[in-house]
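Work the whole structure out from these sequences, hints included.
Counting from 99, one number per residue, gives the positions in the sequence shown under this note's numbering.
Treat the hints as calculated values from the structure; they're not laboratory data. Heads up, a few of these hints could be off.
Capping the alpha-carbon separation at 27 Å, the derived lysine-lysine pairs in BS3-like fashion look like this [claimed, not checked]: (1) 247 <-> 156; (2) 247 <-> 159; (3) 247 <-> 264; (4) 159 <-> 264; (5) 264 <-> 156.
Derived DEER-like restraints, expressed as beta-carbon distance ranges [unchecked claim]: (6) 265 <-> 350: 15 to 21 Å; (7) 299 <-> 266: 30 to 36 Å; (8) 168 <-> 234: 19 to 25 Å; (9) 301 <-> 350: 17 to 23 Å; (10) 206 <-> 343: 43 to 49 Å; (11) 232 <-> 302: 28 to 34 Å; (12) 138 <-> 100: 23 to 29 Å; (13) 184 <-> 321: 34 to 40 Å; (14) 180 <-> 319: 19 to 25 Å.
Quick reminder that beta carbons are idealized off the backbone N, C-alpha and C, glycines included.
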Amino acid sequence: MTGLDRLRTRVSTEEALVVAFSGGVDSALLAAVAHQVLGSRMLAVTAVSPSLAAEERKQAKRFAREHGFAHVEVCTDEADRPEYAANDGNRCYHCKSALFDALEPLAAAMGANVALGTNVDDLGDHRPGQRAAAQRGAIAPMVDAGLTKADVREASDALGLSTADKPAAACLASRVAYGDPVTPEVLARVERAEAAIHELGFPVCRVRAHGQGTVARLEVPAEDIDRAAAHHAELDAAGRDAGFEFCALDMAGFSSGRMNALLPLLPTRTAS
99 MTGLDRLRTR
109 VSTEEALVVA
119 FSGGVDSALL
129 AAVAHQVLGS
139 RMLAVTAVSP
149 SLAAEERKQA
159 KRFAREHGFA
169 HVEVCTDEAD
179 RPEYAANDGN
189 RCYHCKSALF
199 DALEPLAAAM
209 GANVALGTNV
219 DDLGDHRPGQ
229 RAAAQRGAIA
239 PMVDAGLTKA
249 DVREASDALG
259 LSTADKPAAA
269 CLASRVAYGD
279 PVTPEVLARV
289 ERAEAAIHEL
299 GFPVCRVRAH
309 GQGTVARLEV
319 PAEDIDRAAA
329 HHAELDAAGR
339 DAGFEFCALD
349 MAGFSSGRMN
359 ALLPLLPTRT
369 AS
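Rendered as structure tokens:
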């Protein structure tokens, strides 16, 4: 049985689902499969806040429209929560709590479970949001089906989904150094800088904000570092035009979760 078959089987055990749908490769596969299996008993919901890039929001709406499934947007209030803005090691816990506050009324009205696009590879990283999900009773069908990130992409390709080879796109708040406050202004700065760098020919990149949002640390894949260095002037201008005072190229290259290296420096990592 393929990973796609296992996922379909797992989803078929649900009466109805509310899928937390960001438009990324994981949630796109889950929404597409849930729609195929459950039809109108699946609702995809996109959480809209300053941490969602405008381009990601646009792509999520387009994907839902192309695949014909029910899709709504809800505004989440994590940016207004001091415990989220403080950006300690549990920021994702507070973000997911805000998400569930918005999704649970919809799920209750449908008699549905809330489903997240978590895959097996996500389980080994520092992800406090998973604790919030467990506390709120959310399910992770792709974990239950044993799908890794590679399996997700393979299944997406088998279904002909446009997201099969989409680069990973974590929320904008993941770009802000732990201990620095997450503000709409800093998130907008990161979004503008990354959009400009994409236009310069670097589709996979991260702009990590440090120094209270004054320093941009650019990560590109290791194979693109030499090319980025050759375009240092344009990249520096992109960062400065976005509002950063200083711009630096990370010579270690892009890697998801790089900010987690700062976690041991925080005074506490326990959630209340």
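To see whether the hints hold, each was checked on the structure:
1. 247 <-> 156: holds (23 Å)
2. 247 <-> 159: Given pair residue 247, residue 159 holds - Cα atoms ~23 Å apart, limit 27 Å.
3. 247 <-> 264: The hint holds at about 12 Å.
4. 159 <-> 264: Between residue 159 and residue 264 the Cα gap is close to 15 Å, so the pair holds against 27 Å.
5. 264 <-> 156: Within the cut-off at roughly 14 Å; holds.
6. 265 <-> 350: 15 to 21 Å: Given range 15 to 21 Å: holds, Cβ gap about 18 Å.
7. 299 <-> 266: 30 to 36 Å: violated (19 Å)
8. 168 <-> 234: 19 to 25 Å: 22 Å Cβ-Cβ, so the 19 to 25 Å window holds.
9. 301 <-> 350: 17 to 23 Å: The hint (17 to 23 Å, Cβ to Cβ) holds, given that residue 301 and residue 350 are roughly 19 Å apart.
10. 206 <-> 343: 43 to 49 Å: holds (47 Å)
11. 232 <-> 302: 28 to 34 Å: The hint (28 to 34 Å, Cβ to Cβ) holds, given that residue 232 and residue 302 are roughly 31 Å apart.
12. 138 <-> 100: 23 to 29 Å: For residue 100 against residue 138, whose Cβ atoms are near 26 Å apart, the range 23 to 29 Å holds.
13. 184 <-> 321: 34 to 40 Å: holds (36 Å)
14. 180 <-> 319: 19 to 25 Å: violated (36 Å)
Of the numbered hints listed earlier, those contradicted by the structure are 7 and 14.
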